[in-house]
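**Q** One line per chain: the protein sequences are A and B, in this order. Under the numbering used here, the letters of the first sequence match residues 512 to 1041, in that order. Under the numbering used here, the letters of the second sequence match residues 614 to 652, in that order.
Mixed in with the good hints, there may be bad ones.
What the hints assert, rightly or not - Listed next, with one range per pair, are the computed distances between beta-carbon atoms:
hint, chain 1, residue 1, chain 2, residue 2, range
1, A, 816, B, 626, 25 to 35 Å
2, B, 626, A, 576, 50 to 60 Å
3, B, 650, A, 1008, 31 to 41 Å
4, A, 816, B, 621, 51 to 61 Å
Note that these hints are calculated values from the structure, not bench results. As the structure is a prediction and not an experimental result, all values here were calculated from the model. C-beta: ideal position from N, C-alpha, C; glycine also.
Listed here are the chains, written in short residue letters.
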Amino acid sequence: MAQAATAHHEEHPSGITRWLYTTNHKDIGTLYLWFAFIMFFVAGGMAMILRAELMQPGLQVVEPQFFNQMTTLHALVMIFGAIMPAFVGLANWQVPMMVGAPDMALPRLNNWSFWLLPPAATLLMLSLFVPGGAPGAGWTIYPPLTLQTGMGMDFTILSIHMLGMSSVLGALNIITTILNMRAPGMSLMKMPLFVWTWLITAFLLLAAMPVLAGVVTMLLTDRHFGTYFFDAAGGGDPVMFQHVFWFFGHPEVYILILPAFGIISQIIPTFSRKPLFGYDSMVYATASIAFLSFVVWAHHMFTVGMPTAGELFFMYTTMLIAVPTGVKVFNWVSTMWRGSMTFETPMLFAIGFVFLFTIGGLSGLMLAIVPADFQYHDTYFVVAHFHYVLFSGSIMAIMGAVYFWLPKWTGHMYNETLGKWHFWLTAIFFNVTFFPQHFLGLAGMPRRIPDYALQFAEFNWWSSIGAFGLGITQLLFLYIVVQTVRGGKKATTQVWEGAHGLEWTVPSPPPYHTFSTPPKVRPQDLISGL
Amino acid sequence: MMARTGKTPAQRRAAILRTAVILGSLAVALYLFTIFSRW
């Protein structure tokens, strides 16, 4: 009887229909993660083209127009195709298991959220093949340039609408799940930090993505339907686009980093074998960062000219973000303090994150200072800054999360030696690529250009060597993941000695349906150790 | 706010629907506000 019940429980369609029609959070999580992985390589390939062109001064590899299209698509695909879907994939796999829910609250909507993505990404890629090519205005798609480009821009606008809709539906689902589906005893202040950071991120998504959708709709009506929101020729204001865009854009930056904070807050206590230091302050710091992210947008556009009072306001609010961020870094370090630490691959990525993300945070503080920003604006210093935040921040956290949870998902341990190679090569090549870009920016090299003055040649050469190494290293990551999915040493239920949480109480791999009966939450299942 | 304790399946379904409709409406309202506040 029990066996029959289990067998029924494990039933799921096979073949393509399993993936097309699935409403299972684990299947949808897997779809998101593979989609993000593919997009990571697509956008990474574009980065290789950029760095090949920039390896030497002069024009060698691509036409300038194509170079601009690559900078634009690299960013759009990495942000909307790789990092965001990867986080949503992690949320799909983990959030229901972490709060003891049987699935997401709205499983069919969950399926639709994912299946909006492949057509959106296809549209974005197709823009390369229409007359005029893909937009080359940068991911910020500022008018008036984007009012004057070919139909590739229309493809992009439609694609952004679809990506935004997918994100909003995903966010809505995550909030609904967390608020309504928690197991008995899993009160809000007992939730794992990854769930907390995702709850706050989902609210950010819900408040930011409709603004992006609104502003690109206005761009579309300006292009085709006779409105003049942003066209100065008809009384519109191009600077208004920048304000509205960055009202979305800055919370977006935190959408890309808050779930990473959550991941790091799961990994560090596990491998320090200690409860997370300052759980409550972590939650409040995350909420403070989310609130502040809505009142700092104009620091992206200090150079457009605004009243001094405005510049001061945005400068100070931006600097204020360093306080809750500092609280987080302090708590991570304090969690490790006198912990019984081991350095498996997820922990290496987490410690790498703490070091390198902090460098990105500090260069962000430098950029927040108005008079300094006038020098740094639109230089390679900015490129270095946001790659420290987005690569060594978001992407390295995602990689750490994959190593951390892959044994749980697949039931197999990954190859630890290869994992460590992957970490060290990634960390070294990342720094070879992006650290010199600080110096290039300080020396005045502008971003988004295919050619540059001779004085910048040496640092660019190093940066390109690092980028090629970084790109090739990620093939090792693909190999490790595929190898682990296909087989390997059997993972235990708890996987890691110091792991606490409901997801570590179910077998590895977990059954197709988990927690159909709500679990009992015990103190030892809580990351906070309460 | 509402853990699964003490709720019938019907009450939980209603709570889920309520949360989803409120959040969805907010998102649509924000989208329309972005455009029409600048019309």
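**Q** All hints are to be evaluated individually against the structure, with a verdict given for each.
**A** Against the structure, the hints:
1. A:816 - B:626: 25 to 35 Å: violated, 54 Å
2. B:626 - A:576: 50 to 60 Å: Taking Cβ atoms as reference, residue 626 (chain B) and residue 576 (chain A) lie about 54 Å apart, which means the hint holds.
3. B:650 - A:1008: 31 to 41 Å: violated, 55 Å
4. A:816 - B:621: 51 to 61 Å: Cβ of residue 816 (chain A) to Cβ of residue 621 (chain B): about 60 Å, so the range 51 to 61 Å holds.
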